[in-house]
Structures are given as C-alpha cells and as structure tokens.
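Peer 1: Whole structure, please, built from the sequences with the hints as guidance.
Protein sequence lines correspond, in order, to chains A and B.
Counted from 1, the first sequence has number 233 at position 233 by full-length UniProt numbering; the numbering is strictly sequential.
Counted from 1, the second sequence has number 59 at position 59 by full-length UniProt numbering; the numbering is strictly sequential.
Hints in this document: simulated from the structure, not taken from any laboratory.
There could be a bad hint or two in this list.
Stated by the list, open to error - Quick list of the computed label-pair ranges, beta carbon to beta carbon:
#1 A:R192 - B:S11: 50 to 58 Å
#2 A:S163 - B:D25: 49 to 57 Å
#3 A:P59 - B:G280: 32 to 40 Å
#4 B:G265 - A:D267: 32 to 40 Å
#5 B:G280 - A:D267: 35 to 43 Å
#6 A:R192 - B:R284: 34 to 42 Å
#7 A:T5 - B:R72: 47 to 55 Å
#8 A:P202 - B:G287: 37 to 45 Å
#9 A:S203 - B:G265: 29 to 37 Å
#10 A:P273 - B:S11: 33 to 41 Å
Backbone N, C-alpha and C define an ideal beta-carbon position, used for all residues, glycine too.
Take a look at the letters that make up each chain.
Number of protein chains: 2
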Amino acid sequence: MSDVTFPSRVSVREVGPRDGLQNEDPVPADAKVELIDALGRTGLRRIEAVSFVHPKAIPQMADADEVWSRVRRSPDIRYSALVPNVRGAERALAAGFTELEVVVSASDTHNRRNINRSTAESLADLPELASLVHSAGGTLQLIVSTAWGCPYEGDVPVSRVLSVVSSGARAGVDSLAYGDTTGMATPPRVTRLVEETRAAHPSLPLGLHFHNTRGTGLANVYAALQLGVDDFDASVGGLGGCPYAPGASGNIATEELVYLLEDMGIDTGVDLPALIEVAGLAERLVGRKLDSQVLRAGPAVR
Amino acid sequence: MSDVTFPSRVSVREVGPRDGLQNEDPVPADAKVELIDALGRTGLRRIEAVSFVHPKAIPQMADADEVWSRVRRSPDIRYSALVPNVRGAERALAAGFTELEVVVSASDTHNRRNINRSTAESLADLPELASLVHSAGGTLQLIVSTAWGCPYEGDVPVSRVLSVVSSGARAGVDSLAYGDTTGMATPPRVTRLVEETRAAHPSLPLGLHFHNTRGTGLANVYAALQLGVDDFDASVGGLGGCPYAPGASGNIATEELVYLLEDMGIDTGVDLPALIEVAGLAERLVGRKLDSQVLRAGPAVR
Numbered sequence: 001m002s003d004v005t006f007p008s009r010v011s012v013r014e015v016g017p018r019d020g021l022q023n024e025d026p027v028p029a030d031a032k033v034e035l036i037d038a039l040g041r042t043g044l045r046r047i048e049a050v051s052f053v054h055p056k057a058i059p060q061m062a063d064a065d066e067v068w069s070r071v072r073r074s075p076d077i078r079y080s081a082l083v084p085n086v087r088g089a090e091r092a093l094a095a096g097f098t099e100l101e102v103v104v105s106a107s108d109t110h111n112r113r114n115i116n117r118s119t120a121e122s123l124a125d126l127p128e129l130a131s132l133v134h135s136a137g138g139t140l141q142l143i144v145s146t147a148w149g150c151p152y153e154g155d156v157p158v159s160r161v162l163s164v165v166s167s168g169a170r171a172g173v174d175s176l177a178y179g180d181t182t183g184m185a186t187p188p189r190v191t192r193l194v195e196e197t198r199a200a201h202p203s204l205p206l207g208l209h210f211h212n213t214r215g216t217g218l219a220n221v222y223a224a225l226q227l228g229v230d231d232f233d234a235s236v237g238g239l240g241g242c243p244y245a246p247g248a249s250g251n252i253a254t255e256e257l258v259y260l261l262e263d264m265g266i267d268t269g270v271d272l273p274a275l276i277e278v279a280g281l282a283e284r285l286v287g288r289k290l291d292s293q294v295l296r297a298g299p300a301v302r
Numbered sequence: 001m002s003d004v005t006f007p008s009r010v011s012v013r014e015v016g017p018r019d020g021l022q023n024e025d026p027v028p029a030d031a032k033v034e035l036i037d038a039l040g041r042t043g044l045r046r047i048e049a050v051s052f053v054h055p056k057a058i059p060q061m062a063d064a065d066e067v068w069s070r071v072r073r074s075p076d077i078r079y080s081a082l083v084p085n086v087r088g089a090e091r092a093l094a095a096g097f098t099e100l101e102v103v104v105s106a107s108d109t110h111n112r113r114n115i116n117r118s119t120a121e122s123l124a125d126l127p128e129l130a131s132l133v134h135s136a137g138g139t140l141q142l143i144v145s146t147a148w149g150c151p152y153e154g155d156v157p158v159s160r161v162l163s164v165v166s167s168g169a170r171a172g173v174d175s176l177a178y179g180d181t182t183g184m185a186t187p188p189r190v191t192r193l194v195e196e197t198r199a200a201h202p203s204l205p206l207g208l209h210f211h212n213t214r215g216t217g218l219a220n221v222y223a224a225l226q227l228g229v230d231d232f233d234a235s236v237g238g239l240g241g242c243p244y245a246p247g248a249s250g251n252i253a254t255e256e257l258v259y260l261l262e263d264m265g266i267d268t269g270v271d272l273p274a275l276i277e278v279a280g281l282a283e284r285l286v287g288r289k290l291d292s293q294v295l296r297a298g299p300a301v302r
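Peer 2: Laid out in structure tokens, this is it:
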C-alpha cells in the first residue's frame, strides 16, 4: 500500500447547518446563524447552509430565508442550498444561492418517503431543474442518497445507482455526490461504486457523503482517498444522527475527518482546534452530547 | 484498489472483560463471569479474560482468580491473561492460564506511569518471563503499547517501537501485538509500522489493538487488512474508554469490527446479532451508554 498516492488537498463541505440540524430538535434561527458564522471562521471553504423544502415536511428548515439573510457571508466561502424539486430551486435562486444540490434516492421506497415521489418522477424533473439553475448562472449537484443501502429495501444495486447518475448526466448536472444514508457502506462497496461511476462518467466531479451509523465512516473515506477522491461532506460535531437508527450517528464528524486528513498530510485549510471549538458550540446549541470522538479527545498530542 | 487481496478469515480477540472493564467503574465478579460466559456463546474463539496486576494499581482486576475459577470454560475458546511482570505471570500460570500477554510501553513515560518501571526495566525481565511461561507449556505475547503515540510524549518514533520488538524477539516471545493506546494512529502510520515490523521480523505473528479515541479505529483496521493482517483485538460494546480523554472511546467495538469484516466477506466465526445482544448486556453491567454504533443501529438491512 505504500505506493498509493493520496490527494494533496481535500475539499470539505460542511453540512452541519443543513443535514445536521435537519435531524435534531428544532433550534432557533439565531442559533443557526451563529453556527454558520462560526464555521466560516475555521477555514472551511464550503458550507451547506440551508434547504428549501416544504415547511410541513421539514419544520427544522422553515426559516431558511431568514437564516440565510442574516448570515455574515464571507467572499471566501461557497455556500450551498439543498432543494427537493423545481419549487425549492426557485426559492433558493430567489434567495441568492448559486450553488444548489438536488437530492434523489436511488431506492424508490426511500424517495417516496423522503419527498413523496418516485425516483423516476424526481429524475423527470432534472432537465428543467438544471436548465433553471444554469440560466440563473448557478450550478446544480445531483446528490444520490441511499447509494449504499436503503432503510426499507436493504442493499441497493450498483446498477440502480448508476442509472440515476446517467439520468443526471443527461440532464446536465454539474457534479455528483453519493450519500450513504443508512451508514451501510463499507470500503469494498465504496471502491466498487466509485470505480464503476468513474468508468461510466469520467468527467463528472464526484463527492462522497458518509454516515458513521455503523462506525465505518472514516474507513470509507480512507478507501475513497486511495482512489483519489478529494471531496467529502461532514457535519461539525457529527450533528444530526440517523432517523432510521435512534441514538446512532449520522454524518461523519467534520473534526474527525479533518483530524484524519491532516494527520495524513492532506491539506484541508481547516484550523482543527478552532473547528473543535465550534463542535462544542454545536453541542451547546442542540443541547445533547454529540458523538464526535475528536470533540472529546482533542487533537493528537504531538 | 480492486486488486488487493484481503485475508479470508480474521481471528478476533475479545478484550472487553479485561481491557474494557479495567477502564470502567468496578463491577462485581458475578458480572464479569456473566460477560465472559455470554461472549463465549457468540462464536468468538479468543477472549482476554483477566489481568494479574497489583490490586492496588488496578482494583478492577483484584478478583481475577475468583472470576477465572467461575468461568464456564469452553474447550473451543482460547482464554488469555495479561501480566505486567514475572510475579503476574506466576499467578496467571498458577491459575491455569497457558496463553499470557505481557505489556510494555514503547514510550518510557507511559511505562513508568502504567507499571512504575522504565521500558528498559520491563524489557530486561522478558527473557525470564518467556522462559517461565515456556517451561510451563504456555505461550507469551508481547503487547507493545503506545505504539502510535504516547499521552505524555506525543509521537513515538517507529525506531523506538522496533527496538522494543527486537528485545522481545531476542527473549523468545511467541507473538506480538501493537496497541494504539491513545487512538492517535491513522492508516498511513499503521501501514508504515506494519511494513517495517514485517521487514525486520517476518516470522513473528502480529496482531493489532486499535482504539477509536479519535474515530479512526476501523480505518486503521482496513489499512491493516490491505496488508494481510488477520488478527485484531476489540472490546464488546466498545467497553472501556480512554483514561487520557474522558468521554472518548477506548477499544474499537467488537460488533463494529465484526460488522466491517463480515460485510467484506471476511469470516470471523462470530454471530453478529448474538454479539450485539452481549454488547447490550455489557452496557447494562457497567450502567452507562456505550459508544458502539452497531449496538445502536444493528446489522445492516439486507
């Protein structure tokens, strides 16, 4: 293994304010703004700030417009918004976002429960969505959730994931991310899906979004690094959790990801001690003990 | 990465009853016996049962003789005991153990704080210890702790670790294990130490003992699997914790390790649902929420 070349730099997208807080008890807009602003001072260069979803479906994000209007935006940071459909994209663009993500589940049952439509119906909207975003000068990322397993259907075949990606590529999405919604991924599954995706879509930029629900989050990151993947999502403090496994982790914790990468000599641009401080803030804001180990243990003694 | 060959089978040593309980508030002998017996019904084939240390140093293990005398020993299971010195080895052999482990820290400060002697003093005892164990028909493993970092000294040079191993090899130890006492290891550090150890001692069997104190435990396992390492320690439920980082994890959780390995098609012989049941028992016995994700999330939906 000594001959593997890792990326020299990794781009970390912080998803705590959106994917994290969406899976916590609701917190006030003040707290969200404070968290986003604090994250912006750690050296993170990408923050998924809010989602524009129906407030009845996800009450935690009902104040997306208010939160976004109050964030002290840094010109050095790319902020993004997640949308489930064309209506959400219109709201995100109206609010001034230029970096949008649309989420589609590879498994039909999860897509129906998550956004009340079949996977095929979601995919059918992609051309209009991409054209809407592009004509406003923005970019659209397709996030394929349940890419390594569905809480209702179990294993999801690689062929089904690739078929969703092909629809996205035809619709003209600018990039792709895979979400391990259930934390069922393990390194060989990651390797296989990344390799097959690259073979089919060599020029589509690929990011990975791992959950630590079964403890394998950083092992999956390591497997992906060996393939040169240099774009990962993570959530400060491991904010979030897993709606399908109460008490288990959701997103990998950003400070654990940064710890791993920086120790490997891979530049993230993030100030780890500052980030750990923000993980502590996140914990206070949600009022529960978060699952991050690096938040407890701190950086290594050197 | 697709061309890497993983081991077809991994031998898991369960260390919860010893390394785990040693770092928890004391539990009664009854609970220890119940835990060891329950672990023995999960398909695990190696259990580190107790340690023979001075009761003033580690009161949690003061009842080692009583616990061991009451375990319903299975002929299919290899039980082992940890000892800090010759006196401990005499007690372990007198109690009927034939598989002994002696622990020596690669970092001098940790060895002094852990067993009140310098590393050199511990190493000087190894020939007598090995000869004592061998003449009783037993085997002796050298566990090198702080192999990837010391809570007092920080980074530990590979050369210092290898020097400890050389002393052990000269003394005739039968096998070697590396302990990541502080959870500071990351995959490239694991790869380097394993490769250099094999180059220097190609015939010495090597096991690895990872902690998840900074979230990298299973990533380290995955890196070692790529090198063909097929012998890992783990603690049911992640029992234990880290004395140097209150609230952080200690040993990797056995059910997380087994989840990873079995999903990769690597045979462990362990019944994962049965093991998760025992992790729940461990949690009740120590009366605190343990850090195992698989204990919360369960096996994957297939």
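Peer 1: Hint says 47 to 55 Å; check whether the CB-CB distance for T5 of chain A and R72 of chain B agrees.
Peer 2: holds, 52 Å
Peer 1: Falls inside 32 to 40 Å, the C-beta gap from P59 of chain A to G280 of chain B?
Peer 2: 33 Å Cβ-Cβ, so the 32 to 40 Å window holds.
Peer 1: State, for the Cβ atoms of P273 of chain A and S11 of chain B, whether the hinted interval 33 to 41 Å holds or is violated.
Peer 2: holds, 39 Å
Peer 1: Using the Cβ atoms, figure out if S163 of chain A sits within 49 to 57 Å of D25 of chain B.
Peer 2: Because 53 Å falls inside the window, the suggested range holds.
Peer 1: At the C-beta level, are R192 of chain A and R284 of chain B separated by a distance inside 34 to 42 Å?
Peer 2: At 39 Å between Cβs, range holds.
Peer 1: Mind checking the hinted window 35 to 43 Å against the Cβ distance between G280 of chain B and D267 of chain A?
Peer 2: Once the Cβ atoms are compared, 42 Å apart, the range 35 to 43 Å for D267 of chain A and G280 of chain B holds.
Peer 1: Given the hint of 32 to 40 Å, is the C-beta distance from G265 of chain B to D267 of chain A inside that range or not?
Peer 2: Check passed, 35 Å falls within 32 to 40 Å.
Peer 1: How does the Cβ-Cβ distance of S203 of chain A and G265 of chain B compare with 29 to 37 Å: does it lie in that range?
Peer 2: holds, 32 Å
Peer 1: Should the hint that P202 of chain A and G287 of chain B are 37 to 45 Å apart at their CB atoms be regarded as holding?
Peer 2: Cβ of P202 of chain A to Cβ of G287 of chain B: about 54 Å, so the range 37 to 45 Å is violated.
Peer 1: So does R192 of chain A sit 50 to 58 Å from S11 of chain B, Cβ to Cβ?
Peer 2: violated, 26 Å
In this structure, the hints that do not hold are numbers 1, 8, in rising order.
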